[in-house]
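When you line the sequence shown up against this note's numbering, it's residues 1 to 157, in that order.
Misleading hints may appear alongside valid ones.
For each label pair, taking beta carbons as the anchor points, the in silico distance ranges come out as [stated by the list, open to error]:
id, residue 1, residue 2, range
1, 107, 142, 30 to 38 angstroms
2, 94, 68, 15 to 23 angstroms
3, 144, 121, 37 to 45 angstroms
4, 98, 30, 18 to 26 angstroms
5, 81, 114, 17 to 25 angstroms
6, 116, 142, 15 to 23 angstroms
7, 57, 137, 31 to 39 angstroms
8, 131, 21, 34 to 42 angstroms
9, 94, 30, 14 to 22 angstroms
10, 104, 81, 15 to 23 angstroms
11, 58, 135, 17 to 25 angstroms
12, 104, 57, 28 to 36 angstroms
13, 144, 30, 13 to 21 angstroms
14, 87, 57, 16 to 24 angstroms
Hints were generated in silico from the structure; no laboratory data involved.
Note that CB positions come from ideal geometry on N, CA and C, so glycine has one too.
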Amino acid sequence: MCAIDAPCDASLRPMREADLDAVMRIEARAYPFPWTPGIFRDCLRAGYPMWVQENAGAIVGYGVLSIAADEAHLLNLCTAPGHEGRGLARRMLQALLRVARGGGAQRVFLEVRPSNPRAIELYDRSGFNEIGRRPRYYPAANNGREDAIVMAMELLD
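Generate the whole structure from the sequences, applying the supplied hints.
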C-alpha cells in the first residue's frame, strides 16, 4: 500500500473486465452516486480507453476516457479513498491526456461537481478552464440536483 506521507508508486495499465469488482468497491466508497457495473462494462465493450493504477497488487485508482473525432471526454477519474493527496489522480490524468493526444483529440472536456474543490484544483493546475455550467446535472442528497462545471483543455503540440 501507499505510505501516508509519501508518493505512491502505482503502475498504470488498461482496465480489464476482471478489474470491475475492485473498481466498483472503490467507486461505491468514493461517490454518493456511483456508476453502476453496467456503465463500466458498456465503456469497456465500446472500447473506451480505461486505465487502472495498481500498488502492491491492489487497484488504487482508475480513469475512463472517450475519444470521438478530434475531441475527448474525461468520464471518470477516481483515486481510492485513503490514497488521495499522493499524486495518483494527477498521474492518471496526465496518462489519459497522452492517450487522448495519441487518439487524435485536439481538446478534452469534463464535468465536475462544484462541491469537489480538490478535483477542480487538479483540473485548473493541469490546464483546464471552466467554459460553462450544466444546471442540475448531477444527483444530490435529498433528491436534489447539483450543477456541473464544464471544463475544457486544448491539446496543443
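Evaluation of the provided hints:
no. : hint                          : result
1   : 107 / 142: 30 to 38 angstroms : holds, 36 angstroms
2   : 94 / 68: 15 to 23 angstroms   : holds, 21 angstroms
3   : 144 / 121: 37 to 45 angstroms : violated, 24 angstroms
4   : 98 / 30: 18 to 26 angstroms   : holds, 24 angstroms
5   : 81 / 114: 17 to 25 angstroms  : holds, 20 angstroms
6   : 116 / 142: 15 to 23 angstroms : holds, 18 angstroms
7   : 57 / 137: 31 to 39 angstroms  : holds, 36 angstroms
8   : 131 / 21: 34 to 42 angstroms  : holds, 36 angstroms
9   : 94 / 30: 14 to 22 angstroms   : holds, 20 angstroms
10  : 104 / 81: 15 to 23 angstroms  : violated, 34 angstroms
11  : 58 / 135: 17 to 25 angstroms  : violated, 38 angstroms
12  : 104 / 57: 28 to 36 angstroms  : holds, 34 angstroms
13  : 144 / 30: 13 to 21 angstroms  : holds, 20 angstroms
14  : 87 / 57: 16 to 24 angstroms   : holds, 20 angstroms
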